[in-house]
Amino acid sequence: MAEAPGKRTHWDFNWRSANGFKGGTMAFFLETLLGGLMAGMLYSLVALGFVLIFKASGVFNFAQGAMVLFAALAMARFAEWAPAWFGFESKFLANLIAFALAAALMFVLAWLIERLVLRHLVNQEAATLLMATLGITYFIDGLGQTIFGSDIYRIDVGMPKDPAFVLESVFEGGVLVNLEDVYAACLAALLVALLSLFFQKTVTGRALRAVADDHQAAQSIGIPLNGIWVVVWCVAGIVALVAGIIWGSKLGVQFSLTTVALRALPVIILGGLTSVPGAIIGGLIIGVGEKLSEVYLGPYIGGGIEIWFAYALALVFLLFRPQGLFGEKIIDRV
Amino acid sequence: MSSSDPVLTVNGIEVIYNHVILVLKGVSLSVPEGRIVTILGGNGAGKTTTLRAISNLLKGERGEVTKGGIELRGERIENLSPSELVQRGVVQVMEGRHCFAHLTIEENLLAGAYTRRNKAEIAHNLEKVYSYFPRLRTRRTSQAAYTSGGEQQMCAIGRALMTSPSVVLLDEPSMGLAPQIVEEVFEIVKDLNAREKVTFLLAEQNTTMALKYADYGYIMESGRVVMDGPASVLRDNEDVKEFYLGVGGGDRRSFKDMKSYRRRKRWLA
Chain A
67 MAEAPGKRTH WDFNWRSANG FKGGTMAFFL ETLLGGLMAG MLYSLVALGF VLIFKASGVF
127 NFAQGAMVLF AALAMARFAE WAPAWFGFES KFLANLIAFA LAAALMFVLA WLIERLVLRH
187 LVNQEAATLL MATLGITYFI DGLGQTIFGS DIYRIDVGMP KDPAFVLESV FEGGVLVNLE
247 DVYAACLAAL LVALLSLFFQ KTVTGRALRA VADDHQAAQS IGIPLNGIWV VVWCVAGIVA
307 LVAGIIWGSK LGVQFSLTTV ALRALPVIIL GGLTSVPGAI IGGLIIGVGE KLSEVYLGPY
367 IGGGIEIWFA YALALVFLLF RPQGLFGEKI IDRV
Chain B
592 MSSSDPVLTV NGIEVIYNHV ILVLKGVSLS VPEGRIVTIL GGNGAGKTTT LRAISNLLKG
652 ERGEVTKGGI ELRGERIENL SPSELVQRGV VQVMEGRHCF AHLTIEENLL AGAYTRRNKA
712 EIAHNLEKVY SYFPRLRTRR TSQAAYTSGG EQQMCAIGRA LMTSPSVVLL DEPSMGLAPQ
772 IVEEVFEIVK DLNAREKVTF LLAEQNTTMA LKYADYGYIM ESGRVVMDGP ASVLRDNEDV
832 KEFYLGVGGG DRRSFKDMKS YRRRKRWLA
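Protein sequences appear in the order of chains A and B. Using this note's numbering, the first residue of the first sequence is number 67, and each one after it goes up by one. Using this note's numbering, the first residue of the second sequence is number 592, and each one after it goes up by one.
Check before you lean on any hint, since a few could be wrong.
[Claimed, not checked] Capping the alpha-carbon separation at 25 Å, the derived lysine to any residue pairs in SDA-like fashion look like this:
1) B/LYS658 to A/VAL188
2) B/LYS710 to A/THR268
3) A/LYS267 to B/LYS719
4) B/LYS832 to B/ARG815
5) A/LYS267 to B/ARG708
I should point out that these hints are in silico values taken from the structure, not numbers from a laboratory.
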């Protein structure tokens, strides 16, 4: 790292944290913070999928991680195949068609899950439903790899890979940000805004919240549960697709993508299982917490905090605020 | 009673839960257009099951109608989904209120309009509900879980009215409410019946109240209808007085003179 200042690369960041670099400069703190926020946004995206389904159907959908992988696989492979099928060269067009096809596939998947599984489990114990989604997880894992293959694939939606330096006038050398993360974060934020609008302002959104509160009452006033579940699994499918595209283009589409779902677990515990804003803010807190603790506490406690920090935080929350920061309080009349 | 056609007829239905538990053993009843009919009986008599069989909310409870039929204006309805029934004007207000706890009162009411697509009709219905239940208007922005039991019951009834129903199946509206609130709720039911021509089928344990407001009553015990008749006749029936109204014998009695046996239920013969 003997290069002149101002010609830093994104390796810089890792080098400094790996060597227990204390930072000390404001610019470095900001870098870490921003890095954490971006990573957090990506966790939020996965957490969002959990929250949507739990809110509307009281089902803790264990299959969310598998859906992310499935969607990412579909996206990667369709983008590869589309030019050959339709005979064109444009990469943009290929991605567009792949996205449409993958989205359609997620719709079909949602419909099948409702038809074949959920419909027969109305009003069953939460544990029964959880086991059902466990089953769905393995089925989707296998199905995805059978159809699309089990190698590592790439998703290239033209997200910039280069880091950029901002605020160079304020700090010497500027603050390093990863443009890819910025794009991803904006995309995630947009998706969240759309979803909040959908839930709060539309008739279907209101019906979804009604079903989340009381299945039977919703049914008694004519809200068809089956239809609502298809809608909510579709929405969760689209969220999984977006998450899959972003994570897939960062890490490559491979089986380990399913484990990002596990990274999202502390996020929902922190933010609350029933809150869309909670998923976002929980994600941000976890992202920032991981990075800051790694950089500033790591040298004292030892490396690897990043890996367990989120879970430790979640544990603390479970003890003191089990509904999470923004989860719906269990309202009890006394 | 025979003057108006029945809007709802139940013909000897049998309901089995979990494929083994026989809960209704041939229940028949008929509900004339524009009347209030009540089903009376103690816990486990089958009142709720009868209402659920009609509104087809049985499936969620693993129940099934295995015999008999249910007709709405001559059309068989046992195989329609709750959603389709609501669109045909039959709606159930469930026992225990079941408001959407985290939605506001107004959102609760609007959720009730899910099957309605006409915006003007929805606005009209909302205004109507607020005019019948002025208390709901004052609590419109409160989360339902934070409102009182009476307000929740009103919210549940109002929510059902948002579906523009012609028949309302009302399950134990008096449950857990203060006598004064019960009176208020029943007055509104009577009012809705008189002015909006809504037909009510009312399941109740509060026999005094139900017979005061209903036109006709059925008494159920262990899954059977054991007695039926116009409310005024039931009110004066010695058996009903003894077993359901708690005023048997006419005179006030001291515990000192109480008979050590109860009057025999003649229908158990």
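Hint-by-hint comparison with the structure:
Taking the CA atoms of B/LYS658 and A/VAL188, the gap is about 24 Å. The hint holds against a cut of 25 Å. Taking the CA atoms of B/LYS710 and A/THR268, the gap is near 13 Å; set against the 25 Å cutoff, the hint holds. Under the criterion of a C-alpha separation no larger than 25 Å, the hint pairing A/LYS267 with B/LYS719 is consistent with the structure, at around 23 Å. Distance check on the hinted pair: B/LYS832 and B/ARG815 sit about 19 Å apart at the alpha-carbon level, within 25 Å; holds.
A threshold of 25 Å between alpha carbons decides the hint, and for A/LYS267 with B/ARG708 the separation of about 16 Å falls inside it, so the pair holds.
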